[in-house]
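For this one, chain A is given, so just place chain B on it according to the hints.
Line order of the protein sequences matches chains A and B. Add 1 to a position in the first sequence, counting from 1, and you land on the number used in the numbering used here. Add 336 to a position in the second sequence, counting from 1, and you land on the number used in the numbering used here.
Worth flagging that the hints you see were computed from the coordinates, not collected in a lab. As the structure is a prediction and not an experimental result, all values here were calculated from the model. Honestly, I wouldn't trust all of these hints.
For each label pair, taking beta carbons as the anchor points, the in silico distance ranges come out as [what the hints assert, rightly or not]:
1) B:Leu-368 with A:Lys-354: 47 to 57 Å
2) B:Asp-668 with A:Asp-219: 39 to 49 Å
3) B:Val-516 with A:Gly-62: 46 to 56 Å
4) A:Gly-362 with B:Ile-466: 51 to 61 Å
5) B:Pro-667 with A:Ala-314: 40 to 50 Å
Virtual Cβ for every residue (Gly too), placed ideally from N, Cα, C.
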Amino acid sequence: MRYPILSAAAVLAVATLTAPAGAQDYIRVGSLVDFTGNTASVGKDYGQAKIDAANWINDNGGVNGKLLDLDTVDYTYIVPRAIAAYKKWVNQKVSVIQGWGTADTEALVGFLANDKIPYFSASYSAHLTDPQGKGPQGTKAAPYNFPMGPSYSDGVRALIQWAADDWKKKGGAGKAKFVHMGDNHPYPNAPKKAGEEYARELGFDVLPAVTYSLAPGDFKAQCLSLKDSGGNYAFLANTSGANISLLRSCETVGVQVQFMANIWGFDENVMKAAGKAADGVAWVMGAAKWGDNVPGMKLVQDVSKMSDPSGKAYRSVHYIRGICSMFWMKEAIEWADKNGGINGPNIKNGMYKKANWVPAGLEGVCPSGTWTESDHRGITKVLVYRSKVTGATDGDLAALVTAGTIGMEKVFEGDMPRRPEWLGW
Amino acid sequence: MHPCGDFRTSYRADMTIFPTRASAYACVAGVLLLAAVPLVFDIYVLTLLIQIGYYGVAALGLNILVGFTGQISLGHSAFFGFGAFASAWLNNRFGIPVLLAIPLAGLMTAAVGVLFGVPAARIKGLYLAIATLASQFILQDFFARADWFTGGSAGAAAAPVAVGGFAFDTDQRYFYVVLVAVVAMYLGAANLLRTRDGRALVAVRDHYLSAEIMGINLTRYRILSFGISSFYAGVGGALFGHYLGFVSIEGFDILLSIQFLGMIIIGGLGSIMGSIMGTAFLVLLPEVMETAVKALAASGLGQMQAVADGIVYFKEMAIGLAIILFLIFEPDGLAHRWRQTKAYWKLYPFSY
Numbered sequence: 002m003r004y005p006i007l008s009a010a011a012v013l014a015v016a017t018l019t020a021p022a023g024a025q026d027y028i029r030v031g032s033l034v035d036f037t038g039n040t041a042s043v044g045k046d047y048g049q050a051k052i053d054a055a056n057w058i059n060d061n062g063g064v065n066g067k068l069l070d071l072d073t074v075d076y077t078y079i080v081p082r083a084i085a086a087y088k089k090w091v092n093q094k095v096s097v098i099q100g101w102g103t104a105d106t107e108a109l110v111g112f113l114a115n116d117k118i119p120y121f122s123a124s125y126s127a128h129l130t131d132p133q134g135k136g137p138q139g140t141k142a143a144p145y146n147f148p149m150g151p152s153y154s155d156g157v158r159a160l161i162q163w164a165a166d167d168w169k170k171k172g173g174a175g176k177a178k179f180v181h182m183g184d185n186h187p188y189p190n191a192p193k194k195a196g197e198e199y200a201r202e203l204g205f206d207v208l209p210a211v212t213y214s215l216a217p218g219d220f221k222a223q224c225l226s227l228k229d230s231g232g233n234y235a236f237l238a239n240t241s242g243a244n245i246s247l248l249r250s251c252e253t254v255g256v257q258v259q260f261m262a263n264i265w266g267f268d269e270n271v272m273k274a275a276g277k278a279a280d281g282v283a284w285v286m287g288a289a290k291w292g293d294n295v296p297g298m299k300l301v302q303d304v305s306k307m308s309d310p311s312g313k314a315y316r317s318v319h320y321i322r323g324i325c326s327m328f329w330m331k332e333a334i335e336w337a338d339k340n341g342g343i344n345g346p347n348i349k350n351g352m353y354k355k356a357n358w359v360p361a362g363l364e365g366v367c368p369s370g371t372w373t374e375s376d377h378r379g380i381t382k383v384l385v386y387r388s389k390v391t392g393a394t395d396g397d398l399a400a401l402v403t404a405g406t407i408g409m410e411k412v413f414e415g416d417m418p419r420r421p422e423w424l425g426w
Numbered sequence: 337m338h339p340c341g342d343f344r345t346s347y348r349a350d351m352t353i354f355p356t357r358a359s360a361y362a363c364v365a366g367v368l369l370l371a372a373v374p375l376v377f378d379i380y381v382l383t384l385l386i387q388i389g390y391y392g393v394a395a396l397g398l399n400i401l402v403g404f405t406g407q408i409s410l411g412h413s414a415f416f417g418f419g420a421f422a423s424a425w426l427n428n429r430f431g432i433p434v435l436l437a438i439p440l441a442g443l444m445t446a447a448v449g450v451l452f453g454v455p456a457a458r459i460k461g462l463y464l465a466i467a468t469l470a471s472q473f474i475l476q477d478f479f480a481r482a483d484w485f486t487g488g489s490a491g492a493a494a495a496p497v498a499v500g501g502f503a504f505d506t507d508q509r510y511f512y513v514v515l516v517a518v519v520a521m522y523l524g525a526a527n528l529l530r531t532r533d534g535r536a537l538v539a540v541r542d543h544y545l546s547a548e549i550m551g552i553n554l555t556r557y558r559i560l561s562f563g564i565s566s567f568y569a570g571v572g573g574a575l576f577g578h579y580l581g582f583v584s585i586e587g588f589d590i591l592l593s594i595q596f597l598g599m600i601i602i603g604g605l606g607s608i609m610g611s612i613m614g615t616a617f618l619v620l621l622p623e624v625m626e627t628a629v630k631a632l633a634a635s636g637l638g639q640m641q642a643v644a645d646g647i648v649y650f651k652e653m654a655i656g657l658a659i660i661l662f663l664i665f666e667p668d669g670l671a672h673r674w675r676q677t678k679a680y681w682k683l684y685p686f687s688y
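Looking at chain A on its own, in the form it has when it is part of the complex:
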């Protein structure tokens, strides 16, 4: 016989297809993560945060005594795989899903509305914030999507507000020039129009956008055109990998521009990789940073110990946002459990019950959020931080931060108004 391999594969295939049914006292939560795909550089931290948070919740009484059964699937940022995982979860009757990026979130919007499963995503695209599809610029309703951070559009608006202040402070003459930089792709384009329009509103000159690819490369040509255009504030809409290359290229070319970056476009790892080139970049933050002196940091550190018992690991800004997302979800499930049972519509309602709320124990870490039936722009408080890189960035990240070689400081805190015409845009 020469077919044992094939029959083994067949057995495995059958085993996959008949996934075991869940026990009753568990709350099934699906979790899409990207550990090995295109967005793994930030996906690893965010995914780990979700796992750690679930473990911590289970070790500390669960959700009203019920344990979370977090099913983590690494879908490697490939849409059909995310959909397969989703269908599996629908079968298993998950109550709620912790999603990940643009690709999976966009693909699932319609399915989620049909199946009534709340979806807490790390994609903060503004059109996901319009649950009833009533925004003037919105495309379609996304009733079960909860982006767990400031929308990309609100992020760039906050940066522009900060830039306007900064320009005044510096005593800049005339109008400052704003330029959007990014690939022609869903993620970088999401805040493009909103940003350019708001920049005009605040009296900026808006220069033609500069395109640089999401894949890291040599961006000296783009840096030269940025230099020639005379822009003062450049918004980097790409993800961190491309931004590292861009910052380095622009340093080589000698560009003197205030760079600003989107929420997924900058973090401690970018500072480490880009070194001095990443000094002074202002970017959007959706939560406190690791080690901040705020009441909720204790809980964050406890959660971190779930996968790092020594407590020595340094956790990036994305890790902390992942924890916030899990704990908001936890409280919504708690409400649902006490008010009619754990199911999609109840968890969704659970998100609406409080205004300006922070998950218990995470005060000072997560910004306060307000979700309503007609408006999922939950988190409108945006923090703008500015990076500080003082020397060579070789060695361990935790050590570099301790030594102060890599640092960041809050330079601006804004509450973006929920203008009706901005809904879903």
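Chain B in isolation, oriented as in the chain A frame:
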């Protein structure tokens, strides 16, 4: 594979799709069994089968181009994407019913494929591969820029298939749409290869000089092959788009093109059935690995920190490893293995 002594004595016997009556019955029974799947299995199984279906149609197109005509394309996913956008566009812009928009999208994609296939008239081999690579990048850029056609970076909404108010909007229902499409497209390809044009394609592959001497217009058939291949890609893409209800410019990248090549190489170049077998293999492999990795993580071994950290990377590497092992031990693909299995049992216990 025919056992020794079993000769075909007429052209009719040589051209038949089903060598024996039993194989014809088995095929019909197989389709009927599949048609019963939604009644028995859950939507996880269905979504995988639907995925195999739409990828399988597109992979068959690539197999016609690569396996039967001996050309090469590194831009198949761009045509797949073009079909998805074209079908959504036809439906959204002109109100053409989705059921009609899907084949029309296939025709539009075929036209684009013919256009990008023109270089095949002059170049072949590696040079052609690079020329088709251009189609990948040009189309991807087109998707990102052509707001009127694709909705640009915001993507396009794709309505579900509906016939007279009955919407095929659940997995159970959509499964039948895909099943019908797969059967039709596979029957179409099987029959295509029995026609004069189909034989010409194979002749171009086997020896282009001989083919030309026999009076086959090489340019015409090479470009025709690109057109047919793109038609299949377009229909597959359209099925994909209407299943998701949304088409994003993300995802139709070179990786997917390579994956299509992987499907037909694993399934068997120049085999109709191999196309769907290879597709099934590449769709199910990550799911099987996911489960295997989960089982490993749940066992005692997974509790060790080092193992837990490495396990996700192990999964992706194992997928690559499985493909490599496959190519080493079964270079002729799953279709060949299937034929050997059949022959083994047919001749059992007197195989030679």
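Against the structure, the hints come out as follows:
With their beta carbons about 52 Å apart, Leu-368 of chain B and Lys-354 of chain A fall inside the hinted range of 47 to 57 Å. Range check, Asp-668 of chain B to Asp-219 of chain A: Cβ separation about 43 Å, and the 39 to 49 Å hint holds. For Val-516 of chain B and Gly-62 of chain A, the Cβ-Cβ distance of about 52 Å falls inside the hinted range of 46 to 56 Å, so the restraint holds. Taking the beta carbon of each, Gly-362 of chain A and Ile-466 of chain B are about 57 Å apart, inside 51 to 61 Å as hinted.
Here the CB-CB span from Pro-667 of chain B to Ala-314 of chain A is close to 46 Å, well matched to the stated 40 to 50 Å.
The structure meets every hint from the earlier list without exception.
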